[in-house]
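Undergrad: Sequence:
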Amino acid sequence: MHDDALTTLARSYPTVAGTAEYDRKIGLIKDALRQARRLVSIAHPFSDGDALGSQLALHHWAEWQGKDCVSLNFDPLPPQISWLPGTAALVDRLPDGEPFDLFFLMETTDPARLGEERTRLFARARTRIHLDHHPGLRGLGEINLIDEGASSTCEILYYILKDDHRPLPLTVLEPLYLGIMTDTGNFRYANTTPRAHRIAAEMLEAGLRVPPIYKKVYEANSHTRVAMHGRAMARVARAAGGKIVHSWLTAADFAEIGASEVDADGCISHLCSIVGMEVALLFRELPDGRLKVSFRSAGRVDVQALAKAYGGGGHTLAASANVAGRSLADLRQEVLDRVAAALAAAETGSAADGPRRPAGATAAEPPGCHGPGARDEGE
Numbered sequence: 001m002h003d004d005a006l007t008t009l010a011r012s013y014p015t016v017a018g019t020a021e022y023d024r025k026i027g028l029i030k031d032a033l034r035q036a037r038r039l040v041s042i043a044h045p046f047s048d049g050d051a052l053g054s055q056l057a058l059h060h061w062a063e064w065q066g067k068d069c070v071s072l073n074f075d076p077l078p079p080q081i082s083w084l085p086g087t088a089a090l091v092d093r094l095p096d097g098e099p100f101d102l103f104f105l106m107e108t109t110d111p112a113r114l115g116e117e118r119t120r121l122f123a124r125a126r127t128r129i130h131l132d133h134h135p136g137l138r139g140l141g142e143i144n145l146i147d148e149g150a151s152s153t154c155e156i157l158y159y160i161l162k163d164d165h166r167p168l169p170l171t172v173l174e175p176l177y178l179g180i181m182t183d184t185g186n187f188r189y190a191n192t193t194p195r196a197h198r199i200a201a202e203m204l205e206a207g208l209r210v211p212p213i214y215k216k217v218y219e220a221n222s223h224t225r226v227a228m229h230g231r232a233m234a235r236v237a238r239a240a241g242g243k244i245v246h247s248w249l250t251a252a253d254f255a256e257i258g259a260s261e262v263d264a265d266g267c268i269s270h271l272c273s274i275v276g277m278e279v280a281l282l283f284r285e286l287p288d289g290r291l292k293v294s295f296r297s298a299g300r301v302d303v304q305a306l307a308k309a310y311g312g313g314g315h316t317l318a319a320s321a322n323v324a325g326r327s328l329a330d331l332r333q334e335v336l337d338r339v340a341a342a343l344a345a346a347e348t349g350s351a352a353d354g355p356r357r358p359a360g361a362t363a364a365e366p367p368g369c370h371g372p373g374a375r376d377e378g379e
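Positions 1 to 379 (the UniProt record's numbering) are the ones given, in order, by the sequence shown.
Because the hints were derived from the structure by calculation, they are not lab data. Even glycine gets a Cβ: it sits at the ideal position worked out from N, Cα and C. No false leads were slipped in.
Calculated cross-link-like contacts (lysine-lysine; reagent style DSBU-like; alpha-carbon spacing at most 35 angstroms): (1) LYS215 with LYS30; (2) LYS243 with LYS216; (3) LYS308 with LYS216; (4) LYS216 with LYS162.
Using C-beta positions, here's what the derived DEER-type ranges look like: (5) ASP75 with ASP96: 17 to 25 angstroms; (6) VAL91 with ARG300: 41 to 49 angstroms; (7) LEU328 with ARG126: 45 to 53 angstroms.
Full structure from sequences and hints, please.
TA: Quick look at the structure:
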């Protein structure tokens, strides 16, 4: 293959697993890793299990291979994933010295999500590799592996790091498993595929123990987290005959309980468990004065389209948006009206008119994963 053909292959996206193109691209990344001496990785702000898991797996793999790796993270970690070995190695700046050979960008659906500092650092590498599984992405690297059929970025990275001649160490497998587990909602959501189960089986055969990981992610809630979830559950309301379920959390709730932003993560999962729910919504006031809206759909309504109207994003069934300059009551009613219209259109089979971006809408953190340890940004 000529150099220009290799370049075209490397930059192309998305890529479908199981095809010759996918295998060649995996080979390109493996070759780049073999030749590289210094690596760096970065993910979207406010890491979830998949973002952090992919970063730490690469970090531990590099150590195993005798390579240098810097893992950049600028934000506090949710307690459900902060226990992962290797988090102490996370740094918020690159060391001085020669440029890095490879810069891995994990889980970033939009260049705007990087922010100024991340964008500046991303430009410092000799070769940039973008790994992601979210739909409709524009590849940001010289090598882009965007697999929309993958359950998670950790699933993609597993195939990159997998060695046919010797098993991966548990320090690499553990964060990869956590990323797959959280992005599939503990293997319960629609992105749970035979491939995800096969990878999990291979990890178990290699000696991975699941119970300790599950317990630390799903059964290690703080009192403040439980109290915040209880506050949201006490306010649960329904609309459209129970098909729309919603709740909210205010800045006063956080102050009264002494909770942090991460304590509210996962609240919306409780709303999704209510029988008859078609769309679940959670509104919450952020420390900077903006309002965050998390959307979930049972399948009929494309909540990504609704979130995009407010500058947000995510997946068809899970999304979010951050909105500035609006009151909670006003925004809640407006969103409820929009969701009701979208639901009615879905039920009649008609296409709802695409709304203009509402006042105050700004780019939001697109979602991370479904379960605990996520930044509850949608999926």
